[in-house]
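So for the sequence shown, our numbering puts the first residue at 1; every next one is plus one.
Incorrect hints may have been included.
[Claimed, not checked] Label pairs and their calculated CB-CB ranges:
#, residue 1, residue 2, range
1, 102, 60, 35 to 43 angstroms
2, 86, 5, 32 to 40 angstroms
3, 4, 59, 34 to 42 angstroms
No lab work stands behind these hints: they were computed from the structure. For every residue, glycine included, the Cβ atom is placed at its ideal position computed from N, Cα and C.
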Amino acid sequence: MGLTKTQRKIRIRRRIRKVSSGTAARPRLSVFRSNSEIYAQVIDDVNGVTLVSASSRDKDIAKVKGNKTEIAALVGKTIAEKSVKAGLDKVAFDRGGNLYHGRVKSLADGAREAGLKF
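Sequences are here, hints too, so could you generate the full structure?
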């Protein structure tokens, strides 16, 4: 019997986390996508600390009207601006088991445009 969608996503997430770990010099940009919202965090896994975070629920982003893909790009831009301000310009991208497509790709492109390198 095959895997369910959720089991497959969890398996992919574990496989990614085996090789991708955030350090202070190159933290991990983790993306979580729910049905209605999208969240991004820059994490230092060595110290177990979230350095910067942004989501579609933030007050300035929630006011913006647009489809979910456009809002995801805005979240990517916001997380990149906050990261650069905190002195972090290089990150390791963690798509969190999602396919690199749609909202996840839009968030990544928005982050790259705003000056984040991964």
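Each hint tested on the structure:
1. 102 x 60: 35 to 43 angstroms: Distance hint for residue 102, residue 60 is violated at roughly 23 angstroms.
2. 86 x 5: 32 to 40 angstroms: holds (35 angstroms)
3. 4 x 59: 34 to 42 angstroms: The hint (34 to 42 angstroms, Cβ to Cβ) holds, given that residue 4 and residue 59 are roughly 36 angstroms apart.
Hint violations for this structure: number 1 only, all remaining hints satisfied.
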